[in-house]
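There are 2 protein chains.
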Amino acid sequence: MATTDRLRPSRYPKRAHYDAETIYPILDEALFCTMSFVWEGRVRSIPQSIVRVGDSVYFHASVGSHFFRSLAQLDEVCITVTLADDIVVAKTAFNHSINYRSVVLYGKPTVIEDQELKYEAFKQLTEKMVPGSWDYLIPMTQKQMDKTMAIGVPITEASAKVRQGPPTFVEAEADHQIWTGLIPIAPQRGAAVTGPDAGDIPLPDHLK
Amino acid sequence: MATTDRLRPSRYPKRAHYDAETIYPILDEALFCTMSFVWEGRVRSIPQSIVRVGDSVYFHASVGSHFFRSLAQLDEVCITVTLADDIVVAKTAFNHSINYRSVVLYGKPTVIEDQELKYEAFKQLTEKMVPGSWDYLIPMTQKQMDKTMAIGVPITEASAKVRQGPPTFVEAEADHQIWTGLIPIAPQRGAAVTGPDAGDIPLPDHLK
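From first to last, the protein sequence lines stand for chains A and B. Under the working numbering, residue 263 is the last one in the first sequence; the count climbs by one each step, no gaps. Under the working numbering, residue 263 is the last one in the second sequence; the count climbs by one each step, no gaps.
Calculated from the structure, these hints are not laboratory results. Check before you lean on any hint, since a few could be wrong.
[To be verified] In silico SDA-like links for lysine to any residue, alpha-carbon gap of 25 Å or less:
(1) Lys183(A) - Ile233(B)
(2) Lys198(B) - Glu228(A)
(3) Lys183(B) - Arg244(A)
(4) Lys178(B) - Thr211(B)
(5) Lys69(A) - Gln199(B)
(6) Lys202(A) - Thr223(B)
(7) Lys202(A) - Ser152(B)
(8) Lys163(B) - Asp130(B)
(9) Lys69(B) - Ser120(A)
(10) Lys69(B) - Asp252(A)
(11) Lys183(A) - Ile193(A)
(12) Lys173(B) - Ser104(B)
(13) Lys183(B) - Ala241(A)
(14) Lys263(A) - Lys163(B)
(15) Lys198(B) - Thr147(A)
(16) Lys178(B) - Thr223(A)
(17) Lys69(A) - Gly119(B)
(18) Lys183(B) - Ile238(A)
(19) Lys202(A) - Lys69(B)
(20) Lys263(A) - Ala241(B)
(21) Lys69(B) - Pro251(A)
(22) Lys69(B) - Gly119(A)
(23) Lys202(A) - Val166(A)
(24) Lys183(B) - Ile240(A)
(25) Lys163(A) - Arg61(B)
(26) Lys202(B) - Ser152(A)
(27) Lys178(B) - Ala241(A)
[Unchecked claim] From chain A, some residues computed to sit far from chain B (all C-beta separations above 12 Å):
(28) Thr77
(29) Ser111
(30) Ile210
(31) Thr211
[Stated by the list, open to error] Pair by pair, the computed Cβ-Cβ distance ranges are:
(32) Leu258(B) - Thr165(A): 45 to 53 Å
(33) Ala127(A) - Val108(B): 37 to 45 Å
(34) Leu129(A) - Ala241(B): 29 to 37 Å
All C-beta atoms in this analysis are idealised placements derived from N, C-alpha and C, irrespective of residue type, glycine included.
Hey, can you work out the whole structure from these sequences and the hints?
Encoded structure:
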């Protein structure tokens with residue numbers, strides 16, 4: 056993976072990582088990202104669902120989306136993923152922090168014309184959202200495929216930044232009787248809530 | 056609040072909102088955002104903690120941060136916040152969705168020189184991270200204030216996009232016996248975990 060100047064943080068360089076072993080699991084855990092780009096000389100950003108297949112990330116939208124059609128004309132987009140794990144509670148407000156795992160990725164977006172790859176990216180996104188569900192759902196039709204636009208961005212210029220662990224110990228504050236520690240804030244999947252149109256249909260095993 | 060062309064979504068315009076009553080609570084619930092901007096003609100993005108005070112949002116960093124010093128020279132940044140609430144499980148992969156609340160905000164960043172405002176923004180960020188903690192912590196010193204840079208961005212050009220509710224009902228799929236509903240994925244605060252330097256110091260009431 057290429058390590059470029061703009062991927063090197065100006066603060067806490069030890070928190071930066073440039074290897075797929077660190078970057079890919081963060082991309083795989085995140086359900087959404089922020090996609091940013093320059094449009095007519097000005098910055099634009101939009102939240103997007105994201106899925107990794109191999110060494111690229113993929114995005115889906117309706118073929119009716121002006122935004123998505125515009126994306127394919129760009130030389131580059133910036134994709135940012137942030138997973139917040141804990142609030143880091145220190146003795147001073149100054150030393151409070153967040154335990155997080157983030158990825159920043161730059162690359163050229165390309166419309167996916169390959170039908171097999173497009174199908175695979177759709178399948179992997181669905182399985183990421185609801186593991187084990189692909190074979191349970193009504194099979195995807197060609198018409199649905201044709202209505203969907205998929206865009207891929209290769210993971211060639213990317214970095215992760217990670218902060219984990221307890222609050223930093225400050226010697227000068229050792230005598231202050233103030234609690235320090237972590238408050239977990241990571242998303243947890245809750246119990247599935249049956250929708251109004253499901254009637255008596257039982258919750259499938261993969262959702263239990 | 057100004058509604059500009061770039062804030063109007065090309066898809067699902069009914070999901071867009073331009074009022075403070077919708078936008079402010081989303082900004083207040085989000086612990087972090089993605090900040091994006093144009094630098095030397097190219098897009099850059101970085102995750103940042105965010106706090107709203109009045110009609111502006113504020114960001115903090117060390118005065119040693121090159122990135123933050125550069126920010127203050129920009130005409131505009133784009134701030135994106137996304138809260139993901141549920142996975143929306145439909146009968147087809149095609150109709151799967153996410154219940155989310157997002158905000159996109161454009162504005163000019165300014166270094167906060169006003170010491171009272173800088174202090175207030177720091178206090179509000181700390182109280183957002185750990186409600187009720189400000190008066191319990193070691194009081195902030197002038198030295199810590201001087202080491203911290205605060206940047207404010209006015210909330211003048213902003214929009215929210217919100218999808219909530221069950222999966223869309225599709226008449227043609229009514230006879231398919233497939234479960235539909237929601238899987239909650241919103242972050243939940245877990246029980247506080249005492250750090251290695253806290254010794255026998257009891258968990259303060261505001262963290263119970």
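Going down the list of hints, with the structure as the test:
1. Lys183(A) - Ile233(B): holds (19 Å)
2. Lys198(B) - Glu228(A): holds (15 Å)
3. Lys183(B) - Arg244(A): holds (23 Å)
4. Lys178(B) - Thr211(B): Distance of about 23 Å is within 25 Å: holds.
5. Lys69(A) - Gln199(B): Holds: Lys69(A) and Gln199(B) sit about 23 Å apart, inside 25 Å.
6. Lys202(A) - Thr223(B): Judged against 25 Å, a Cα distance of about 17 Å means the pair holds.
7. Lys202(A) - Ser152(B): Given pair Lys202(A), Ser152(B) holds - Cα atoms ~15 Å apart, limit 25 Å.
8. Lys163(B) - Asp130(B): holds (5 Å)
9. Lys69(B) - Ser120(A): holds (15 Å)
10. Lys69(B) - Asp252(A): It holds: about 23 Å lies between the C-alpha atoms, which stays within 25 Å.
11. Lys183(A) - Ile193(A): Since the Cα atoms of Lys183(A) and Ile193(A) sit roughly 17 Å apart, the hinted pair holds (cutoff 25 Å).
12. Lys173(B) - Ser104(B): The given pair, whose Cα atoms are some 15 Å apart, holds under the 25 Å limit.
13. Lys183(B) - Ala241(A): Roughly 16 Å between the alpha carbons, so the hint for Lys183(B) and Ala241(A) holds.
14. Lys263(A) - Lys163(B): violated (48 Å)
15. Lys198(B) - Thr147(A): With a Cα-Cα distance of about 12 Å, the restraint between Lys198(B) and Thr147(A) holds, given a limit of 25 Å.
16. Lys178(B) - Thr223(A): holds (20 Å)
17. Lys69(A) - Gly119(B): Measuring from Cα to Cα gives roughly 16 Å; hence the hint holds.
18. Lys183(B) - Ile238(A): With a Cα-Cα distance of about 13 Å, the restraint between Lys183(B) and Ile238(A) holds, given a limit of 25 Å.
19. Lys202(A) - Lys69(B): Holds: Lys202(A) and Lys69(B) sit about 21 Å apart, inside 25 Å.
20. Lys263(A) - Ala241(B): holds (18 Å)
21. Lys69(B) - Pro251(A): Distance of about 22 Å is within 25 Å: holds.
22. Lys69(B) - Gly119(A): Answer holds: Lys69(B) to Gly119(A) is near 16 Å, not above 25 Å.
23. Lys202(A) - Val166(A): Within the cut-off at roughly 13 Å; holds.
24. Lys183(B) - Ile240(A): holds (13 Å)
25. Lys163(A) - Arg61(B): holds (22 Å)
26. Lys202(B) - Ser152(A): holds (15 Å)
27. Lys178(B) - Ala241(A): holds (23 Å)
28. Thr77: holds (16 Å)
29. Ser111: Label holds. Min Cβ-Cβ 19 Å, cutoff 12 Å.
30. Ile210: holds (16 Å)
31. Thr211: Label holds. Min Cβ-Cβ 15 Å, cutoff 12 Å.
32. Leu258(B) - Thr165(A): 45 to 53 Å: Distance hint for Leu258(B), Thr165(A) holds at roughly 52 Å.
33. Ala127(A) - Val108(B): 37 to 45 Å: With Cβ atoms ~40 Å apart, the hint holds.
34. Leu129(A) - Ala241(B): 29 to 37 Å: Because 32 Å falls inside the window, the suggested range holds.
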